[in-house]
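Construct the entire structure; sequences and hints are all you get.
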Amino acid sequence: MVTSSDITTKITNMIGHNTKKRKSLFTIIVLLLLFTTSHLYAQQNGVLFSNVNVFDGVSESIHEHVNVLVIGNEISQISQNEISIPNDLTVDIIDGEGRTLMPGLIDVHVHLTFGSLSMEELMDPELTPQLAALKAAAGATGMLMRGFTSVRDAGGPIFELKQAIDGGHVSGPRVWPSGATISQTAGHGDFRLPTERSRRFFGQASRAEMMGATFIADGRDEVLTAVRENLRFGASQIKLMAGGGTSSAYDPIDVTQYTLDEMKAAVEAAEDWGTYVAVHAYTPRAVKRAIEAGVRVIEHGQLLDEETLQMMVDNDVWLSLQVLRASTPDMDPLRVMKRQPVIENQPLVWQTAIDMGVNLAWGTDFLFEPDLNREQNEYILLLEEWLTPVQALKLVTSENARMLALSGLRSPYAGKLGVVEEGALADLLLVDGNPTENLELIADPENNFLIIMKDGKIYKNIID
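Counted from 1, the sequence shown has number 178 at position 179 by numbering that gives the first Met the number 0; the numbering is strictly sequential.
There may be inaccurate statements among the hints.
As the list claims (entries may be wrong) - Per label pair, the in silico range of CB-to-CB distance:
{"#": "1", "residue 1": "Ser78", "residue 2": "Asp313", "range": "34 to 44 Å"}
{"#": "2", "residue 1": "Thr140", "residue 2": "Thr194", "range": "31 to 41 Å"}
{"#": "3", "residue 1": "Glu159", "residue 2": "His62", "range": "38 to 48 Å"}
{"#": "4", "residue 1": "Val57", "residue 2": "Thr89", "range": "25 to 35 Å"}
{"#": "5", "residue 1": "Ser78", "residue 2": "Glu439", "range": "28 to 38 Å"}
As the list claims (entries may be wrong) - Calculated lysine-lysine pairs in the DSS-like style (CA-CA distance at most 25 Å, straight line):
{"#": "6", "residue 1": "Lys415", "residue 2": "Lys456"}
{"#": "7", "residue 1": "Lys287", "residue 2": "Lys337"}
{"#": "8", "residue 1": "Lys456", "residue 2": "Lys134"}
{"#": "9", "residue 1": "Lys415", "residue 2": "Lys459"}
{"#": "10", "residue 1": "Lys134", "residue 2": "Lys459"}
{"#": "11", "residue 1": "Lys263", "residue 2": "Lys287"}
Source of the hints: derived by calculation from the structure; they are not laboratory data.
All residues carry an ideal CB built from backbone N, CA and C; glycine is no exception.
And the structure:
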(Lines of atoms letter the chains of each structure in order from A; the text may use other names.)
(Lines give C-alpha, C1' and ligand atoms only; values in the text may rest on other atoms or scores of the structure.)
Protein backbone atom coordinates (compact mmCIF):
# COMPACT_ATOMS: atom_id res chain seq x y z
CA MET A 0 0.00 0.00 0.00
CA VAL A 1 1.37 3.42 -0.96
CA THR A 2 1.05 5.99 1.83
CA SER A 3 1.09 9.78 1.77
CA SER A 4 4.57 9.61 3.29
CA ASP A 5 5.77 7.48 0.37
CA ILE A 6 4.33 9.98 -2.12
CA THR A 7 5.89 12.93 -0.29
CA THR A 8 9.34 11.32 -0.20
CA LYS A 9 9.26 10.40 -3.89
CA ILE A 10 8.17 13.87 -5.01
CA THR A 11 10.70 15.55 -2.71
CA ASN A 12 13.47 13.52 -4.30
CA MET A 13 12.24 14.54 -7.75
CA ILE A 14 12.13 18.30 -7.11
CA GLY A 15 15.27 18.51 -4.99
CA HIS A 16 15.60 21.26 -2.39
CA ASN A 17 13.75 24.12 -4.04
CA THR A 18 11.91 25.53 -1.03
CA LYS A 19 9.15 27.36 -2.91
CA LYS A 20 8.39 24.34 -5.07
CA ARG A 21 8.38 22.11 -2.01
CA LYS A 22 5.95 24.34 -0.10
CA SER A 23 3.66 24.60 -3.09
CA LEU A 24 3.75 20.87 -3.75
CA PHE A 25 3.15 19.96 -0.13
CA THR A 26 0.07 22.20 -0.14
CA ILE A 27 -1.24 20.35 -3.19
CA ILE A 28 -0.53 17.00 -1.54
CA VAL A 29 -2.42 18.02 1.61
CA LEU A 30 -5.39 19.16 -0.46
CA LEU A 31 -5.33 15.93 -2.45
CA LEU A 32 -5.26 13.88 0.76
CA LEU A 33 -8.13 15.86 2.21
CA PHE A 34 -10.13 15.33 -0.97
CA THR A 35 -9.36 11.62 -0.97
CA THR A 36 -10.36 11.27 2.68
CA SER A 37 -13.60 13.17 2.20
CA HIS A 38 -14.32 11.19 -0.95
CA LEU A 39 -13.90 7.91 0.91
CA TYR A 40 -15.99 9.20 3.79
CA ALA A 41 -18.72 10.18 1.35
CA GLN A 42 -18.74 6.62 0.05
CA GLN A 43 -19.56 5.11 3.44
CA ASN A 44 -22.37 2.61 3.34
CA GLY A 45 -24.44 0.90 5.93
CA VAL A 46 -27.43 -1.26 6.69
CA LEU A 47 -30.43 -0.26 8.78
CA PHE A 48 -32.41 -3.10 10.33
CA SER A 49 -35.76 -1.53 11.16
CA ASN A 50 -38.50 -2.99 13.35
CA VAL A 51 -36.58 -5.98 14.67
CA ASN A 52 -36.72 -7.77 18.00
CA VAL A 53 -33.19 -8.12 19.34
CA PHE A 54 -31.62 -10.95 21.29
CA ASP A 55 -28.40 -9.21 22.32
CA GLY A 56 -26.47 -12.32 23.41
CA VAL A 57 -26.45 -11.52 27.12
CA SER A 58 -29.97 -10.57 28.24
CA GLU A 59 -32.60 -13.02 29.35
CA SER A 60 -35.31 -11.32 27.32
CA ILE A 61 -35.83 -9.92 23.84
CA HIS A 62 -35.69 -6.16 23.14
CA GLU A 63 -38.78 -5.46 21.04
CA HIS A 64 -39.38 -2.99 18.20
CA VAL A 65 -35.76 -1.91 17.79
CA ASN A 66 -33.84 -0.25 14.96
CA VAL A 67 -30.19 -1.21 14.46
CA LEU A 68 -27.81 0.75 12.23
CA VAL A 69 -24.66 -0.89 10.91
CA ILE A 70 -21.95 1.34 9.45
CA GLY A 71 -18.99 -0.39 7.88
CA ASN A 72 -18.25 -3.46 9.99
CA GLU A 73 -19.63 -2.18 13.29
CA ILE A 74 -22.99 -1.74 14.97
CA SER A 75 -23.24 2.05 15.12
CA GLN A 76 -26.58 2.71 16.76
CA ILE A 77 -29.40 0.81 18.47
CA SER A 78 -32.62 2.59 19.30
CA GLN A 79 -36.33 2.05 19.79
CA ASN A 80 -36.78 5.46 18.20
CA GLU A 81 -36.31 6.29 14.55
CA ILE A 82 -32.62 6.53 13.60
CA SER A 83 -31.55 9.57 11.60
CA ILE A 84 -29.35 8.62 8.66
CA PRO A 85 -26.32 10.89 8.16
CA ASN A 86 -26.28 12.69 4.81
CA ASP A 87 -22.95 11.14 3.85
CA LEU A 88 -24.18 7.58 4.39
CA THR A 89 -25.68 5.28 1.79
CA VAL A 90 -27.96 2.87 3.60
CA ASP A 91 -29.79 -0.31 2.66
CA ILE A 92 -32.94 -0.51 4.75
CA ILE A 93 -34.18 -3.95 5.79
CA ASP A 94 -37.62 -4.13 7.35
CA GLY A 95 -37.36 -6.91 9.91
CA GLU A 96 -41.15 -7.03 10.44
CA GLY A 97 -40.68 -8.13 14.05
CA ARG A 98 -38.23 -10.93 13.32
CA THR A 99 -35.30 -11.60 15.65
CA LEU A 100 -31.88 -10.02 15.12
CA MET A 101 -29.17 -11.85 17.06
CA PRO A 102 -25.39 -12.33 17.10
CA GLY A 103 -23.80 -14.78 14.69
CA LEU A 104 -23.22 -18.28 16.09
CA ILE A 105 -19.79 -19.29 17.40
CA ASP A 106 -18.33 -22.81 17.48
CA VAL A 107 -15.11 -22.96 19.49
CA HIS A 108 -14.05 -26.48 18.54
CA VAL A 109 -13.96 -27.16 14.82
CA HIS A 110 -11.43 -28.75 12.50
CA LEU A 111 -12.02 -27.11 9.15
CA THR A 112 -9.68 -29.52 7.37
CA PHE A 113 -10.14 -32.74 9.36
CA GLY A 114 -13.89 -32.18 9.45
CA SER A 115 -14.09 -31.79 5.67
CA LEU A 116 -12.32 -35.07 4.84
CA SER A 117 -13.20 -38.67 5.55
CA MET A 118 -10.63 -41.00 7.06
CA GLU A 119 -10.44 -42.79 3.71
CA GLU A 120 -9.61 -39.50 1.97
CA LEU A 121 -7.01 -38.60 4.60
CA MET A 122 -5.28 -41.94 4.20
CA ASP A 123 -5.35 -41.80 0.39
CA PRO A 124 -1.73 -41.44 -0.84
CA GLU A 125 -3.09 -39.31 -3.70
CA LEU A 126 -4.36 -36.65 -1.30
CA THR A 127 -2.49 -33.38 -1.81
CA PRO A 128 -2.49 -30.25 0.37
CA GLN A 129 -4.23 -28.45 -2.50
CA LEU A 130 -7.10 -30.94 -2.62
CA ALA A 131 -7.45 -30.87 1.17
CA ALA A 132 -7.56 -27.08 1.03
CA LEU A 133 -10.36 -27.12 -1.56
CA LYS A 134 -12.43 -29.46 0.60
CA ALA A 135 -11.81 -27.31 3.68
CA ALA A 136 -12.74 -24.13 1.78
CA ALA A 137 -16.08 -25.65 0.77
CA GLY A 138 -16.62 -26.71 4.37
CA ALA A 139 -15.89 -23.18 5.60
CA THR A 140 -18.42 -21.69 3.20
CA GLY A 141 -21.06 -24.15 4.36
CA MET A 142 -20.32 -23.25 7.96
CA LEU A 143 -20.89 -19.54 7.33
CA MET A 144 -24.12 -20.33 5.48
CA ARG A 145 -25.30 -22.14 8.62
CA GLY A 146 -24.88 -18.90 10.56
CA PHE A 147 -21.52 -19.60 12.19
CA THR A 148 -19.70 -16.32 11.79
CA SER A 149 -16.76 -17.21 14.09
CA VAL A 150 -14.99 -20.48 14.83
CA ARG A 151 -11.91 -21.63 16.66
CA ASP A 152 -9.99 -24.22 14.67
CA ALA A 153 -8.70 -26.65 17.29
CA GLY A 154 -5.91 -28.19 15.25
CA GLY A 155 -4.83 -28.95 11.71
CA PRO A 156 -3.79 -27.23 8.47
CA ILE A 157 -5.55 -23.87 8.59
CA PHE A 158 -3.35 -20.83 7.98
CA GLU A 159 -3.72 -20.62 4.19
CA LEU A 160 -7.48 -21.10 4.38
CA LYS A 161 -7.81 -18.43 7.05
CA GLN A 162 -5.79 -16.04 4.90
CA ALA A 163 -8.05 -16.77 1.92
CA ILE A 164 -11.18 -16.10 4.01
CA ASP A 165 -9.83 -12.88 5.49
CA GLY A 166 -8.72 -11.74 2.03
CA GLY A 167 -12.20 -12.25 0.60
CA HIS A 168 -11.20 -15.08 -1.74
CA VAL A 169 -13.25 -17.69 0.17
CA SER A 170 -16.52 -17.15 2.02
CA GLY A 171 -16.21 -18.45 5.54
CA PRO A 172 -16.34 -17.56 9.23
CA ARG A 173 -13.75 -15.67 11.19
CA VAL A 174 -11.12 -18.21 12.24
CA TRP A 175 -9.08 -18.41 15.44
CA PRO A 176 -6.35 -20.82 14.25
CA SER A 177 -4.38 -23.20 16.47
CA GLY A 178 -2.23 -24.59 13.67
CA ALA A 179 -0.79 -28.07 13.87
CA THR A 180 -1.68 -29.97 17.02
CA ILE A 181 1.26 -30.64 19.33
CA SER A 182 1.60 -34.22 20.54
CA GLN A 183 4.12 -36.47 22.20
CA THR A 184 5.18 -39.66 20.48
CA ALA A 185 2.30 -42.13 20.89
CA GLY A 186 0.05 -39.22 21.78
CA HIS A 187 -3.37 -38.23 20.47
CA GLY A 188 -1.77 -36.26 17.64
CA ASP A 189 0.63 -38.98 16.52
CA PHE A 190 -1.08 -39.74 13.22
CA ARG A 191 1.68 -41.89 11.74
CA LEU A 192 0.81 -44.92 9.68
CA PRO A 193 2.23 -48.25 10.88
CA THR A 194 4.91 -48.00 8.20
CA GLU A 195 6.15 -44.59 9.36
CA ARG A 196 9.04 -44.60 11.81
CA SER A 197 10.08 -42.02 14.41
CA ARG A 198 11.55 -38.82 13.00
CA ARG A 199 14.00 -38.64 15.89
CA PHE A 200 15.49 -42.07 15.23
CA PHE A 201 15.06 -42.35 11.48
CA GLY A 202 15.23 -38.71 10.38
CA GLN A 203 12.06 -38.40 8.31
CA ALA A 204 8.97 -36.39 9.24
CA SER A 205 5.65 -38.19 8.93
CA ARG A 206 3.14 -37.39 6.19
CA ALA A 207 0.78 -35.77 8.71
CA GLU A 208 3.55 -33.48 9.91
CA MET A 209 4.48 -32.53 6.36
CA MET A 210 0.85 -31.57 5.68
CA GLY A 211 0.69 -29.31 8.74
CA ALA A 212 -1.68 -31.54 10.68
CA THR A 213 0.52 -32.10 13.73
CA PHE A 214 3.89 -31.71 15.39
CA ILE A 215 5.24 -34.78 17.16
CA ALA A 216 7.38 -33.12 19.82
CA ASP A 217 9.12 -34.79 22.76
CA GLY A 218 11.01 -33.00 25.50
CA ARG A 219 10.99 -29.37 26.53
CA ASP A 220 13.07 -28.11 23.61
CA GLU A 221 10.95 -29.72 20.91
CA VAL A 222 7.74 -28.53 22.55
CA LEU A 223 9.07 -24.96 22.67
CA THR A 224 10.00 -25.13 19.00
CA ALA A 225 6.61 -26.55 17.96
CA VAL A 226 4.71 -23.87 19.87
CA ARG A 227 6.86 -21.12 18.41
CA GLU A 228 6.44 -22.49 14.89
CA ASN A 229 2.66 -22.22 15.21
CA LEU A 230 2.90 -18.73 16.70
CA ARG A 231 5.17 -17.68 13.86
CA PHE A 232 2.50 -18.59 11.32
CA GLY A 233 -0.24 -16.76 13.22
CA ALA A 234 -1.73 -19.13 15.77
CA SER A 235 -4.14 -17.33 18.10
CA GLN A 236 -3.81 -20.12 20.71
CA ILE A 237 -1.96 -23.42 21.05
CA LYS A 238 -3.55 -26.88 21.06
CA LEU A 239 -1.65 -29.51 23.04
CA MET A 240 -2.56 -33.17 23.49
CA ALA A 241 -2.56 -33.98 27.21
CA GLY A 242 -4.35 -37.33 27.20
CA GLY A 243 -5.71 -40.20 25.15
CA GLY A 244 -8.52 -39.82 22.64
CA THR A 245 -11.33 -41.59 20.89
CA SER A 246 -10.41 -40.82 17.29
CA SER A 247 -6.82 -42.07 17.47
CA ALA A 248 -5.69 -45.66 17.12
CA TYR A 249 -2.70 -45.99 19.43
CA ASP A 250 -3.43 -44.10 22.66
CA PRO A 251 -5.99 -45.47 25.14
CA ILE A 252 -8.33 -42.82 26.50
CA ASP A 253 -7.08 -43.25 30.08
CA VAL A 254 -3.42 -42.37 29.41
CA THR A 255 -1.86 -39.08 30.51
CA GLN A 256 0.34 -37.36 27.96
CA TYR A 257 3.21 -34.92 28.36
CA THR A 258 5.17 -34.43 31.55
CA LEU A 259 4.57 -31.39 33.71
CA ASP A 260 7.82 -29.84 32.49
CA GLU A 261 6.91 -30.32 28.82
CA MET A 262 3.46 -28.83 29.38
CA LYS A 263 4.90 -25.88 31.28
CA ALA A 264 7.21 -25.22 28.35
CA ALA A 265 4.22 -24.87 26.03
CA VAL A 266 2.44 -22.55 28.47
CA GLU A 267 5.52 -20.37 28.92
CA ALA A 268 6.06 -20.01 25.18
CA ALA A 269 2.40 -19.16 24.58
CA GLU A 270 2.23 -16.69 27.46
CA ASP A 271 5.34 -14.93 26.15
CA TRP A 272 3.21 -14.16 23.09
CA GLY A 273 0.25 -13.07 25.19
CA THR A 274 -1.93 -16.09 24.49
CA TYR A 275 -2.82 -19.45 26.01
CA VAL A 276 -2.67 -23.23 25.73
CA ALA A 277 -5.73 -25.42 25.35
CA VAL A 278 -5.32 -29.13 25.95
CA HIS A 279 -7.16 -32.20 24.74
CA ALA A 280 -7.89 -34.22 27.90
CA TYR A 281 -10.66 -36.30 29.43
CA THR A 282 -9.42 -37.63 32.75
CA PRO A 283 -8.91 -35.98 36.16
CA ARG A 284 -5.21 -36.93 36.18
CA ALA A 285 -4.50 -35.28 32.83
CA VAL A 286 -6.53 -32.18 33.63
CA LYS A 287 -4.98 -31.68 37.07
CA ARG A 288 -1.53 -31.77 35.52
CA ALA A 289 -2.62 -29.27 32.88
CA ILE A 290 -3.99 -26.91 35.52
CA GLU A 291 -0.74 -27.13 37.45
CA ALA A 292 1.14 -26.25 34.27
CA GLY A 293 -0.95 -23.12 33.74
CA VAL A 294 -3.21 -24.27 30.93
CA ARG A 295 -6.23 -21.98 30.45
CA VAL A 296 -8.69 -24.19 28.52
CA ILE A 297 -9.58 -27.87 28.74
CA GLU A 298 -11.05 -29.43 25.60
CA HIS A 299 -13.56 -32.25 26.29
CA GLY A 300 -13.27 -33.31 29.96
CA GLN A 301 -16.27 -35.66 29.93
CA LEU A 302 -14.64 -37.97 32.49
CA LEU A 303 -13.96 -35.29 35.10
CA ASP A 304 -15.00 -35.52 38.75
CA GLU A 305 -16.19 -32.80 41.13
CA GLU A 306 -12.74 -32.33 42.69
CA THR A 307 -11.16 -31.54 39.32
CA LEU A 308 -14.03 -29.30 38.24
CA GLN A 309 -13.60 -27.36 41.49
CA MET A 310 -9.90 -26.95 40.67
CA MET A 311 -10.97 -25.44 37.36
CA VAL A 312 -13.26 -22.98 39.12
CA ASP A 313 -10.54 -22.04 41.63
CA ASN A 314 -7.99 -21.45 38.86
CA ASP A 315 -10.36 -19.73 36.39
CA VAL A 316 -9.83 -22.48 33.80
CA TRP A 317 -12.34 -22.86 30.98
CA LEU A 318 -14.03 -26.11 29.99
CA SER A 319 -14.64 -26.29 26.25
CA LEU A 320 -17.29 -28.99 26.18
CA GLN A 321 -19.23 -30.82 23.49
CA VAL A 322 -22.39 -32.91 23.40
CA LEU A 323 -21.22 -36.08 21.71
CA ARG A 324 -23.45 -38.76 20.26
CA ALA A 325 -22.64 -42.41 20.85
CA SER A 326 -22.11 -43.09 17.17
CA THR A 327 -22.82 -41.78 13.70
CA PRO A 328 -23.39 -43.71 10.47
CA ASP A 329 -19.80 -43.40 9.22
CA MET A 330 -17.99 -43.82 12.54
CA ASP A 331 -15.27 -46.44 12.81
CA PRO A 332 -16.24 -49.29 15.21
CA LEU A 333 -13.04 -48.84 17.24
CA ARG A 334 -13.92 -45.18 17.74
CA VAL A 335 -17.44 -46.10 18.86
CA MET A 336 -16.00 -48.44 21.48
CA LYS A 337 -13.48 -45.89 22.78
CA ARG A 338 -16.20 -43.22 23.09
CA GLN A 339 -18.46 -45.33 25.30
CA PRO A 340 -17.22 -44.16 28.74
CA VAL A 341 -17.16 -40.58 27.50
CA ILE A 342 -20.77 -40.79 26.35
CA GLU A 343 -21.91 -42.43 29.58
CA ASN A 344 -20.38 -39.74 31.84
CA GLN A 345 -21.19 -36.79 29.61
CA PRO A 346 -24.58 -35.81 31.16
CA LEU A 347 -23.11 -35.79 34.67
CA VAL A 348 -20.20 -33.54 33.70
CA TRP A 349 -22.45 -31.04 31.91
CA GLN A 350 -24.83 -30.75 34.87
CA THR A 351 -22.07 -30.64 37.49
CA ALA A 352 -20.06 -28.03 35.59
CA ILE A 353 -23.15 -25.83 35.25
CA ASP A 354 -24.06 -26.22 38.93
CA MET A 355 -20.50 -25.42 40.06
CA GLY A 356 -20.15 -22.34 37.87
CA VAL A 357 -17.33 -23.57 35.65
CA ASN A 358 -16.52 -21.23 32.76
CA LEU A 359 -18.18 -23.12 29.91
CA ALA A 360 -17.78 -22.93 26.15
CA TRP A 361 -19.35 -25.08 23.45
CA GLY A 362 -18.16 -26.68 20.23
CA THR A 363 -18.93 -29.60 17.94
CA ASP A 364 -15.57 -31.30 17.20
CA PHE A 365 -16.66 -33.13 14.04
CA LEU A 366 -13.87 -35.30 12.63
CA PHE A 367 -13.53 -37.39 9.46
CA GLU A 368 -17.28 -37.34 8.72
CA PRO A 369 -17.97 -34.50 6.26
CA ASP A 370 -21.69 -35.24 6.07
CA LEU A 371 -21.97 -34.59 9.80
CA ASN A 372 -21.25 -30.90 9.27
CA ARG A 373 -24.80 -30.38 8.03
CA GLU A 374 -25.99 -31.23 11.55
CA GLN A 375 -23.86 -28.55 13.23
CA ASN A 376 -26.88 -26.42 14.15
CA GLU A 377 -28.87 -29.42 15.35
CA TYR A 378 -26.20 -30.13 17.95
CA ILE A 379 -27.12 -26.85 19.65
CA LEU A 380 -30.54 -28.37 20.38
CA LEU A 381 -28.85 -31.10 22.44
CA LEU A 382 -28.00 -28.41 25.00
CA GLU A 383 -31.65 -28.26 26.03
CA GLU A 384 -31.05 -31.27 28.26
CA TRP A 385 -29.37 -28.87 30.70
CA LEU A 386 -30.07 -25.31 29.48
CA THR A 387 -33.05 -23.18 28.57
CA PRO A 388 -33.17 -21.85 24.99
CA VAL A 389 -31.90 -18.45 26.15
CA GLN A 390 -29.05 -20.02 28.12
CA ALA A 391 -28.09 -22.15 25.13
CA LEU A 392 -28.09 -19.12 22.84
CA LYS A 393 -25.96 -17.14 25.29
CA LEU A 394 -23.49 -20.03 25.39
CA VAL A 395 -23.09 -20.20 21.61
CA THR A 396 -22.77 -16.42 21.24
CA SER A 397 -21.48 -14.20 24.06
CA GLU A 398 -19.98 -16.92 26.29
CA ASN A 399 -18.07 -18.49 23.42
CA ALA A 400 -16.91 -15.01 22.45
CA ARG A 401 -15.56 -14.48 25.96
CA MET A 402 -13.44 -17.57 25.59
CA LEU A 403 -12.16 -16.46 22.19
CA ALA A 404 -11.03 -13.25 23.86
CA LEU A 405 -8.46 -15.23 25.87
CA SER A 406 -6.21 -14.91 22.81
CA GLY A 407 -5.66 -11.28 23.75
CA LEU A 408 -3.44 -9.45 21.27
CA ARG A 409 -3.07 -12.67 19.27
CA SER A 410 -6.73 -12.48 18.37
CA PRO A 411 -6.93 -12.07 14.59
CA TYR A 412 -9.82 -9.59 14.79
CA ALA A 413 -10.10 -6.38 16.76
CA GLY A 414 -13.51 -5.72 18.24
CA LYS A 415 -16.23 -7.24 20.37
CA LEU A 416 -18.15 -10.30 19.19
CA GLY A 417 -21.07 -12.41 20.34
CA VAL A 418 -23.31 -9.48 21.23
CA VAL A 419 -25.64 -6.98 19.62
CA GLU A 420 -24.52 -3.70 21.13
CA GLU A 421 -23.23 -0.37 19.91
CA GLY A 422 -19.57 -0.59 18.91
CA ALA A 423 -19.59 -4.38 18.52
CA LEU A 424 -18.58 -6.04 15.28
CA ALA A 425 -21.51 -6.54 12.91
CA ASP A 426 -21.79 -10.34 12.82
CA LEU A 427 -25.56 -10.76 12.77
CA LEU A 428 -28.38 -13.15 11.94
CA LEU A 429 -31.97 -12.21 11.16
CA VAL A 430 -34.09 -15.17 12.25
CA ASP A 431 -37.63 -15.82 11.07
CA GLY A 432 -39.16 -16.28 14.50
CA ASN A 433 -38.05 -16.10 18.14
CA PRO A 434 -35.30 -18.63 18.94
CA THR A 435 -35.32 -17.67 22.63
CA GLU A 436 -38.72 -19.37 22.81
CA ASN A 437 -38.23 -21.97 20.10
CA LEU A 438 -34.61 -23.10 19.84
CA GLU A 439 -35.50 -25.46 17.00
CA LEU A 440 -35.47 -22.48 14.66
CA ILE A 441 -31.67 -22.56 14.90
CA ALA A 442 -31.58 -26.10 13.53
CA ASP A 443 -32.94 -25.05 10.11
CA PRO A 444 -30.66 -22.21 8.99
CA GLU A 445 -31.52 -22.67 5.31
CA ASN A 446 -35.11 -21.59 5.87
CA ASN A 447 -34.98 -19.62 9.13
CA PHE A 448 -31.82 -17.53 8.78
CA LEU A 449 -33.10 -14.88 6.39
CA ILE A 450 -29.97 -12.72 6.61
CA ILE A 451 -26.43 -13.72 7.48
CA MET A 452 -24.02 -10.83 8.00
CA LYS A 453 -20.34 -11.08 8.86
CA ASP A 454 -18.14 -8.05 9.41
CA GLY A 455 -20.89 -5.78 8.10
CA LYS A 456 -21.18 -7.66 4.79
CA ILE A 457 -24.35 -9.54 3.90
CA TYR A 458 -23.58 -13.07 2.68
CA LYS A 459 -27.18 -14.25 2.54
CA ASN A 460 -30.44 -12.37 2.09
CA ILE A 461 -33.66 -14.24 1.35
CA ILE A 462 -36.15 -11.70 2.65
CA ASP A 463 -39.08 -11.51 0.27
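Checked hints:
no.	hint	result
1	Ser78 / Asp313: 34 to 44 Å	43 Å, holds
2	Thr140 / Thr194: 31 to 41 Å	35 Å, holds
3	Glu159 / His62: 38 to 48 Å	40 Å, holds
4	Val57 / Thr89: 25 to 35 Å	31 Å, holds
5	Ser78 / Glu439: 28 to 38 Å	31 Å, holds
6	Lys415 / Lys456	16 Å, holds
7	Lys287 / Lys337	22 Å, holds
8	Lys456 / Lys134	24 Å, holds
9	Lys415 / Lys459	22 Å, holds
10	Lys134 / Lys459	21 Å, holds
11	Lys263 / Lys287	13 Å, holds
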